[in-house]
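Asker: If you're matching them up, the sequences are chains L and D in order. The first sequence begins at 21 in the working numbering and counts up by one. The second sequence begins at 21 in the working numbering and counts up by one.
Hints were generated in silico from the structure; no laboratory data involved. Heads up, a few of these hints could be off.
[As the list claims (entries may be wrong)] In silico lysine-lysine, DSSO-like type, Cα no more than 27 Å apart, as pairs:
#	chain 1	residue 1	chain 2	residue 2
1	D	K24	L	K42
2	L	K109	D	K42
3	L	K61	D	K108
4	D	K108	L	K24
5	D	K24	L	K109
6	D	K108	L	K42
7	L	K89	D	K89
Number of protein chains: 2
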Amino acid sequence: MEIKPVAAFEPPYYTVVFTSVKNARAYEGGGYGDASVLMNKLVKDVPGYLGHENATTPGGISITVGYFKDEEAIRHWRQNMEHQRVQKKGRAEWYESYSCHIGKVERSYGFERPGDAA
Amino acid sequence: MEIKPVAAFEPPYYTVVFTSVKNARAYEGGGYGDASVLMNKLVKDVPGYLGHENATTPGGISITVGYFKDEEAIRHWRQNMEHQRVQKKGRAEWYESYSCHIGKVERSYGFERPGDAA
Numbered sequence: 021m022e023i024k025p026v027a028a029f030e031p032p033y034y035t036v037v038f039t040s041v042k043n044a045r046a047y048e049g050g051g052y053g054d055a056s057v058l059m060n061k062l063v064k065d066v067p068g069y070l071g072h073e074n075a076t077t078p079g080g081i082s083i084t085v086g087y088f089k090d091e092e093a094i095r096h097w098r099q100n101m102e103h104q105r106v107q108k109k110g111r112a113e114w115y116e117s118y119s120c121h122i123g124k125v126e127r128s129y130g131f132e133r134p135g136d137a138a
Numbered sequence: 021m022e023i024k025p026v027a028a029f030e031p032p033y034y035t036v037v038f039t040s041v042k043n044a045r046a047y048e049g050g051g052y053g054d055a056s057v058l059m060n061k062l063v064k065d066v067p068g069y070l071g072h073e074n075a076t077t078p079g080g081i082s083i084t085v086g087y088f089k090d091e092e093a094i095r096h097w098r099q100n101m102e103h104q105r106v107q108k109k110g111r112a113e114w115y116e117s118y119s120c121h122i123g124k125v126e127r128s129y130g131f132e133r134p135g136d137a138a
């Protein structure tokens, strides 16, 4: 499967930047993996969801970016009960620290290497 | 050194989300490493620079987020000649695809595990 960044959409839309550092427990039977799989699945059902992607440096920072049509979509995801349950568990067990930045996209652009079309 | 996400600042400020997939050449003598070190250094001199961070999944997506005080700071960085030179080289040689999303942060929050203060 070809790996590709989420596309640059036509503004306005929203980015939710979630950056975190997790402890070793998260990966050692702490249940983070299962929770992550579930969240990756559930977020796609949010009305107004546009996409999301994650990058994780081994032993370092993890950055997840969610793309949403509007504030209503973000509110919908924030109020999801499963999401809230996992967030609470994350603060109790997995996260050493995290930051979240919710921004309204004003400009976007992308690049794709010519000739790489499948 | 303790690894920590960039803090959640007081809105408004800007996030520049840059997501990319690079080819193997970038890492095999393609000069990406040196260029990356230089960019990480130069961006800190931009007036209105607040911080930046990167996460890279080995063999997968890389996400860099830059945090800036205002649009003027982003313009300053975009017009930096060394930055422009590296972007051009990146499109010619390293990047398979990338997306960039520039957003004005409306809300932010953070978490730090209690008792972890150094």
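Asker: Would you mind marking each hint as holding or not holding in the structure?
Answerer: Consistency of the hints with the structure:
About 10 Å separates the Cα atoms of K24 (chain D) and K42 (chain L), which keeps this hinted pair within 27 Å; it holds. A C-alpha spacing of about 35 Å is found between K109 (chain L) and K42 (chain D), which places the hinted pair above 27 Å, so the restraint is violated. For the suggested pair K61 (chain L) and K108 (chain D), the alpha carbons sit about 37 Å apart, so the restraint of at most 27 Å is broken. For the suggested pair K108 (chain D) and K24 (chain L), the alpha carbons sit about 20 Å apart, so the restraint of at most 27 Å is met.
Simply put, K24 (chain D) and K109 (chain L) have alpha-carbon atoms about 20 Å apart, close enough for the 27 Å limit, and the pair holds. A distance of roughly 35 Å separates the Cα atoms of K108 (chain D) and K42 (chain L); the hinted pair therefore is violated under the 27 Å criterion. Restraint check for K89 (chain L) and K89 (chain D): satisfied, since their Cα atoms lie roughly 24 Å apart, inside the 27 Å limit.
Hints 2, 3, 6, counting from the list given before, are not met by this structure.
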